[in-house]
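Residue numbers (the working numbering), protein chains in the order written: chain A, 98 to 319; chain B, 98 to 319.
Hints were generated in silico from the structure; no laboratory data involved.
Since the structure is predicted, the reported quantities are computational estimates derived from the model, not experimental observations.
There could be a bad hint or two in this list.
Any copy, or any two copies together, can satisfy a pair, since identical chains are not distinguished.
[What the hints assert, rightly or not] 25 angstroms max Cα-Cα, derived SDA-like pairs, lysine to any residue:
1. 205 - 184
2. 200 - 222
3. 200 - 220
4. 205 - 110
5. 205 - 173
6. 205 - 186
7. 205 - 316
8. 200 - 112
9. 200 - 227
10. 200 - 276
11. 200 - 188
12. 200 - 264
13. 205 - 217
14. 205 - 315
15. 205 - 133
16. 205 - 227
17. 200 - 190
18. 205 - 304
Number of protein chains: 2
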Amino acid sequence: MTNAPTDPQHRFSESERAAVYRAIELRRDVRHFRPSPPLPDAMLERLLQAAHQAPSVGLMQPWRFMRLSTPAWRARLHPVVDAERQRTAEALGERGADFLQLKVEGLKDCAELLAVVLAPDDGTVFGRRSLPREMAWCSAACAVQNLWLAARAEHLGLGWVSMFDPVELAQVLQLPTGSEPLGLLCLGPVDRFYDQPMLEETGWRQRRPLQDLLMEPPRDAD
Amino acid sequence: MTNAPTDPQHRFSESERAAVYRAIELRRDVRHFRPSPPLPDAMLERLLQAAHQAPSVGLMQPWRFMRLSTPAWRARLHPVVDAERQRTAEALGERGADFLQLKVEGLKDCAELLAVVLAPDDGTVFGRRSLPREMAWCSAACAVQNLWLAARAEHLGLGWVSMFDPVELAQVLQLPTGSEPLGLLCLGPVDRFYDQPMLEETGWRQRRPLQDLLMEPPRDAD
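Let the sequences and hints guide you as you build the complete structure.
What follows is the structure, given as structure tokens:
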């Protein structure tokens, strides 16, 4: 029998299993990059292939990637992000000033800048009749998480920038009707990975213990 | 300098890197489980901790998990999923009959049944002023993807069931106002992992090559 868990070809050794957990544990949302030349094409393709191996509801594969690493694109996109950063500071009220001290993106320094975009809805019904937009986003997010973990294993940082007006960004990227931008991904070599999430290192916010996020089911069906 | 990519403590060896790519490649959305006793608590906690190490916008950690593995809960939830399965078949029109031949969930056979739920919005503005629901869903999806990869490395299958009416499921689970169910996660030992995604093995749909999903940026900023 192929690909049975007992088949050596499909088993994970203890050290392989530990490596998967380690990538999960050490992955960080990175905003500080080491200015670097573009990644080798083969490496970028390997990372995108990892993203593309994500699960998707009904096998719709709604993720699309656009490489925007030229100086001209960075210069065009930075003001889009910075305008949203200012709006965020205003919306944060008394924490706005503290927020503006944080480095929230590495658009200008990262080796590669990618947009991750949701394709126009292809009408997939399987698994998303009742949650059509949500399941498309979730599928694309799983693709980004794959990319993130693969990047960490390659010693590359990745930051998912979601500070933009999606309508404005869709216009700038000339996305087809029905297509939505989900993120700008800053990717590349770093001088260090944060020990803790950057928002925790800077004192902005603390993570909560897992125990707080486990819910007891209601009693009536037990 | 700690956690620099050159620090051995933070480097990934070639075999570790390969293990991460391998988990990404061999992970499958599983609907066929080997009926099994509940997972050891320590293993389930390890898997949930992997989920909980996911990135989240503004460090909001919106994911919540509810363990619903008792026979009573499976019996309560199966009709909720099956009703949506019937509605999906109707919505699929001429492919409905083929659809009904597919096994779309393993609620009754999996070792563990978990709900993944979005917490009520906590008002986080950082990184989601312009995309509040989208970024909460994406964060929770990254948590599920971590769980999926960790499960694969533990030789456990996972299936994300999104066939339900979210309002009905929220009522059944007695979720607090503003909380939304994202999925029922079937988790446990399997007899085999699919060579290809199950929807591809059964001829329902084919994956597309990565090349088809790369978009060229518009020319004006180049």
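So which of the earlier hints does this model not fit?
Failing hints, ascending: 4, 8, 10, 13 and 18.
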